[in-house]
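There are 2 protein chains.
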Amino acid sequence: MDGNNLNVGIVGLGTVGLSAIKMIEDNSNIVYQKTGKKINIIGISARDRKKDRGLSLDQYQWFDNPVEMLNLKHLDVLIELVGGSEGIALEIINKAFQLNCHVVTANKALVAESGIQLAKKAELNDVLFYFEAAVAGGIPIIKTIRESLCGNSIYSVTGILNGTCNYILSRMANSSMSFSEALNDAKLSGYAEDDPSFDIKGIDTAHKLSILSSLSFGSKPSLKDIYIEGIEDIAIDDFIFTKELGYQIKLLGITGIVQEKGNNKIFQRVYPSLVSNKGLFSSVDEARNAVVTDSSHAGRSLLDGLGAGGDPTASSVLSDLIDIAKGNKNYPFGIQSEKLKTLECIDIKQRKGSYYIRFKVIDRPGVFASIGQVFNENSISMENILQKHDEESDKKNIVIVTHKIEEVFFIKALDNLKEKDFVVSNPKFIRIEEV
Amino acid sequence: MDGNNLNVGIVGLGTVGLSAIKMIEDNSNIVYQKTGKKINIIGISARDRKKDRGLSLDQYQWFDNPVEMLNLKHLDVLIELVGGSEGIALEIINKAFQLNCHVVTANKALVAESGIQLAKKAELNDVLFYFEAAVAGGIPIIKTIRESLCGNSIYSVTGILNGTCNYILSRMANSSMSFSEALNDAKLSGYAEDDPSFDIKGIDTAHKLSILSSLSFGSKPSLKDIYIEGIEDIAIDDFIFTKELGYQIKLLGITGIVQEKGNNKIFQRVYPSLVSNKGLFSSVDEARNAVVTDSSHAGRSLLDGLGAGGDPTASSVLSDLIDIAKGNKNYPFGIQSEKLKTLECIDIKQRKGSYYIRFKVIDRPGVFASIGQVFNENSISMENILQKHDEESDKKNIVIVTHKIEEVFFIKALDNLKEKDFVVSNPKFIRIEEV
Numbered sequence: 001m002d003g004n005n006l007n008v009g010i011v012g013l014g015t016v017g018l019s020a021i022k023m024i025e026d027n028s029n030i031v032y033q034k035t036g037k038k039i040n041i042i043g044i045s046a047r048d049r050k051k052d053r054g055l056s057l058d059q060y061q062w063f064d065n066p067v068e069m070l071n072l073k074h075l076d077v078l079i080e081l082v083g084g085s086e087g088i089a090l091e092i093i094n095k096a097f098q099l100n101c102h103v104v105t106a107n108k109a110l111v112a113e114s115g116i117q118l119a120k121k122a123e124l125n126d127v128l129f130y131f132e133a134a135v136a137g138g139i140p141i142i143k144t145i146r147e148s149l150c151g152n153s154i155y156s157v158t159g160i161l162n163g164t165c166n167y168i169l170s171r172m173a174n175s176s177m178s179f180s181e182a183l184n185d186a187k188l189s190g191y192a193e194d195d196p197s198f199d200i201k202g203i204d205t206a207h208k209l210s211i212l213s214s215l216s217f218g219s220k221p222s223l224k225d226i227y228i229e230g231i232e233d234i235a236i237d238d239f240i241f242t243k244e245l246g247y248q249i250k251l252l253g254i255t256g257i258v259q260e261k262g263n264n265k266i267f268q269r270v271y272p273s274l275v276s277n278k279g280l281f282s283s284v285d286e287a288r289n290a291v292v293t294d295s296s297h298a299g300r301s302l303l304d305g306l307g308a309g310g311d312p313t314a315s316s317v318l319s320d321l322i323d324i325a326k327g328n329k330n331y332p333f334g335i336q337s338e339k340l341k342t343l344e345c346i347d348i349k350q351r352k353g354s355y356y357i358r359f360k361v362i363d364r365p366g367v368f369a370s371i372g373q374v375f376n377e378n379s380i381s382m383e384n385i386l387q388k389h390d391e392e393s394d395k396k397n398i399v400i401v402t403h404k405i406e407e408v409f410f411i412k413a414l415d416n417l418k419e420k421d422f423v424v425s426n427p428k429f430i431r432i433e434e435v
Numbered sequence: 001m002d003g004n005n006l007n008v009g010i011v012g013l014g015t016v017g018l019s020a021i022k023m024i025e026d027n028s029n030i031v032y033q034k035t036g037k038k039i040n041i042i043g044i045s046a047r048d049r050k051k052d053r054g055l056s057l058d059q060y061q062w063f064d065n066p067v068e069m070l071n072l073k074h075l076d077v078l079i080e081l082v083g084g085s086e087g088i089a090l091e092i093i094n095k096a097f098q099l100n101c102h103v104v105t106a107n108k109a110l111v112a113e114s115g116i117q118l119a120k121k122a123e124l125n126d127v128l129f130y131f132e133a134a135v136a137g138g139i140p141i142i143k144t145i146r147e148s149l150c151g152n153s154i155y156s157v158t159g160i161l162n163g164t165c166n167y168i169l170s171r172m173a174n175s176s177m178s179f180s181e182a183l184n185d186a187k188l189s190g191y192a193e194d195d196p197s198f199d200i201k202g203i204d205t206a207h208k209l210s211i212l213s214s215l216s217f218g219s220k221p222s223l224k225d226i227y228i229e230g231i232e233d234i235a236i237d238d239f240i241f242t243k244e245l246g247y248q249i250k251l252l253g254i255t256g257i258v259q260e261k262g263n264n265k266i267f268q269r270v271y272p273s274l275v276s277n278k279g280l281f282s283s284v285d286e287a288r289n290a291v292v293t294d295s296s297h298a299g300r301s302l303l304d305g306l307g308a309g310g311d312p313t314a315s316s317v318l319s320d321l322i323d324i325a326k327g328n329k330n331y332p333f334g335i336q337s338e339k340l341k342t343l344e345c346i347d348i349k350q351r352k353g354s355y356y357i358r359f360k361v362i363d364r365p366g367v368f369a370s371i372g373q374v375f376n377e378n379s380i381s382m383e384n385i386l387q388k389h390d391e392e393s394d395k396k397n398i399v400i401v402t403h404k405i406e407e408v409f410f411i412k413a414l415d416n417l418k419e420k421d422f423v424v425s426n427p428k429f430i431r432i433e434e435v
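Just so you know, the sequences run in chain order A and B.
Residues 1 to 435 in the working numbering are what the first sequence lists, from first letter to last.
Residues 1 to 435 in the working numbering are what the second sequence lists, from first letter to last.
It is worth saying that the hints were derived from the structure and are not from the lab.
One or more hints might be untrue.
What the hints assert, rightly or not - Below are the BS3-like pairs computed for lysine-lysine, each with C-alpha atoms no more than 25 Å apart in a straight line: (1) B:K220 - A:K326; (2) A:K339 - A:K261; (3) A:K329 - B:K360; (4) A:K329 - B:K326; (5) B:K326 - A:K38.
Here the structure is a predicted model, which is why all the values come from computation and not from measurement.
Make a model of the complete structure from these sequences and hints.
Right, here's the structure in full:
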């Protein structure tokens with residue numbers, strides 16, 4: 001940093017990049033007051049110079065090749081907003097560290113997949129590598145875990161981390177749309193991309209979860225150990241029944257640490273879940289994100305806010321920039337990257353919790369007793385049972401909420417149920433989370 | 001700081017002090033991993049050395065006089081947990097700054113009343129003055145405003161900032177207790193002090209609000225400009241009617257900034273409020289606290305967590321300590337204290353919002369038309385009207401929810417209403433907040 005200037009170069013001029021430029025332009029006074037530093041954009045780069053971005057960029061030096069931008073004298077910070085876990089994003093960040101340049105990014109895929117190697121390089125070169133914008137948009141969950149909760153032992157982190165999925169599930173719940181109608185609505189409203197599979201299959205949530213997991217438990221981010229289910233199979237019926245039972249359906253990312261025979265093991269899971277209408281996630285609607293942390297001293301805390309979009313994400317980019325301007329140092333993952341451990345992951349089969357299950361049966365005497373027997377034989381007690389006549393057939397819809405049970409036993413009961421001749425639909429289940 | 005040590009002295013060994021000591025003892029490894037520093041308690045002080053605190057303190061050097069503790073060689077940080085806006089707390093913090101010692105405190109009254117002078121002194125001596133624990137216990141609202149939202153223009157901050165009041169209101173709502181029964185319950189449960197007037201009259205909330213206001217708007221904390229109402233006059237009837245209307249009652253602290261004729265003016269208000277059952281505060285029950293911020297880029301965000309108690313407050317104390325250990329510097333109030341301004345405060349009469357109003361009337365023809373006329377003459381439109389026969393008399397309870405109106409006009413309508421001979425109880429109103 002030369003004197004009172006923090007010189008930045010921005011690569012990637014999508015929604016977030018443009019919001020970041022406007023925010024830096026509009027709020028330079030605020031930043032100067034708080035840091036004594038002026039943030040100067042000394043270079044910008046994107047694929048297509050000619051594209052109409054609705055914003056005059058003439059005052060900024062343009063680079064067709066972002067790698068060349070890194071050779072700018074006095075460049076302090078590279079802001080990488082290209083996205084993608086490989087290719088140009090990875091290349092320029094690596095190069096920036098070689099040139100002793102700090103890096104701020106919103107790229108969750110890249111941080112999840114190559115974060116450790118990059119953090120090591122940043123630490124080695126004594127530069128900063130910050131990525132608040134990579135998880136939950138404008139919600140400061142990374143800073144909160146890394147700094148505010150940092151004297152705590154963190155036990156678990158549970159989040160609604162994907163705005164697209166939350167928007168779709170909200171539409172299905174509130175406007176009785178089918179999954180494909182809601183997905184279409186999300187595309188039209190700009191909440192879903194043309195190919196939304198990364199979001200709806202839970203991969204994006206898994207990327208973010210692995211980052212939170214690493215920050216919380218000192219583990220190396222690892223995608224391969226994450227159990228992932230998406231939201232494609234949720235039906236309107238599920239919303240009708242869960243509403244009646246006092247629940248909402250949310251796609252959650254859940255990570256936690258447990259002691260098993262003296263060893264620390266973690267779990268990392270992404271799946272649609274039932275959460276109580278009276279719980280902390282009850283008002284997290286539309287494209288909002290929210291994260292609940294459970295920790296030794298601060299207890300249960302909730303952060304809730306805008307999880308995506310240009311302005312909220314730019315707000316997180318700027319908060320990282322301001323930390324750099326102030327000279328505030330943190331290890332990218334909270335502790336020295338060399339000390340991050342590979343922690344054994346607990347299998348989903350070991351999950352202990354309750355379950356919602358829905359299936360169709362033929363309407364004949366003895367069916368209910370037989371269902372009861374299946375659960376009984378597997379030592380599963382039922383908390384709630386709904387039985388509804390299915391209007392389109394002569395069948396009955398059965399919905400059961402179980403008490404807590406280890407997943408391996410629940411699946412066994414489910415298999416037993418499938419074998420019954422009166423069960424005429426594949427039983428569908430959703431896990432219930434207490435949050 | 002000598003090498004790898006951060007040496008601290010703790011004054012005040014109440015719940016928070018003892019939790020802080022235990023947390024530093026238990027989590028020294030975590031802190032060392034994150035900061036490369038070891039936190040050493042090199043001195044403790046409290047009024048009564050002999051008191052049984054359920055914790056062995058023999059390994060720490062004891063000082064009957066905390067001022068003497070400050071003369072310890074190598075003392076880096078004074079942790080002030082005595083409380084009180086004057087007396088020994090103010091004296092030792094002043095003295096600590098003279099001796100170039102950092103200060104961490106949980107003392108909201110002191111920060112609200114003398115924060116500016118102390119911040120000036122800290123800045124002059126190039127030491128840090130941190131008080132995350134002073135507002136909302138374990139919720140990192142100060143760090144979030146000061147650092148995460150710091151590139152934003154903040155428009156308003158609304159909080160449930162007092163655990164005692166929230167506990168009492170939750171009891172009244174959920175267990176149909178009267179105010180005095182709920183207060184008694186709060187005392188027995190350890191949530192209210194013997195003399196709870198500071199809490200229930202809204203003073204404690206006002207202290208905290210003034211700190212948040214200063215951090216958000218760069219204004220000097222000023223208690224005298226805060227409009228304050230407590231919760232003593234809330235009746236069980238209000239809970240019954242507001243529940244039917246889809247609201248809860250919470251004591252809120254609300255501060256915001258508005259442009260009026262090119263000047264920035266702020267409002268700072270504390271009063272019991274109606275908030276929607278579907279809103280962000282809907283699940284903030286018992287002694288929890290929560291804060292909503294509205295800002296230019298991050299939009300509307302919520303932080304919700306444990307607002308009081310030893311462990312959550314100690315968690316905030318430790319997060320300040322860790323910032324100091326890392327060498328992370330921030331102005332106590334976000335910007336240089338010399339640049340904090342005295343902003344003109346907007347009168348409560350200028351509040352624009354909706355109102356809940358409840359009163360008793362004699363049951364006779366024409367009453368309703370006459371009420372309608374009063375509101376009509378004052379250009380107030382009504383959103384909701386409830387009319388219930390009062391079981392204990394031959395009177396009727398009338399409850400009205402208005403559309404938005406400036407408070408000065410609402411009060412005029414209220415005065416008109418009082419003059420009517422059929423109105424037999426003093427009309428009681430509660431403001432409605434959209435949060």
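Hints and how they fare:
At most 25 Å may separate the alpha-carbon atoms for a hinted pair to count; B:K220 and A:K326 meet this at roughly 23 Å. Taken as a hint, the A:K339 and A:K261 pair is honoured in the structure, with Cα atoms around 22 Å apart against an allowance of 25 Å. With a C-alpha separation of about 62 Å, the suggested pair A:K329 and B:K360 falls outside the 25 Å cut-off, and the hint is violated. For the suggested pair A:K329 and B:K326, the alpha carbons sit about 7 Å apart, so the restraint of at most 25 Å is met.
About 24 Å separates the Cα atoms of B:K326 and A:K38, which keeps this hinted pair within 25 Å; it holds.
Hint compliance for this structure: hint 3 alone is broken.
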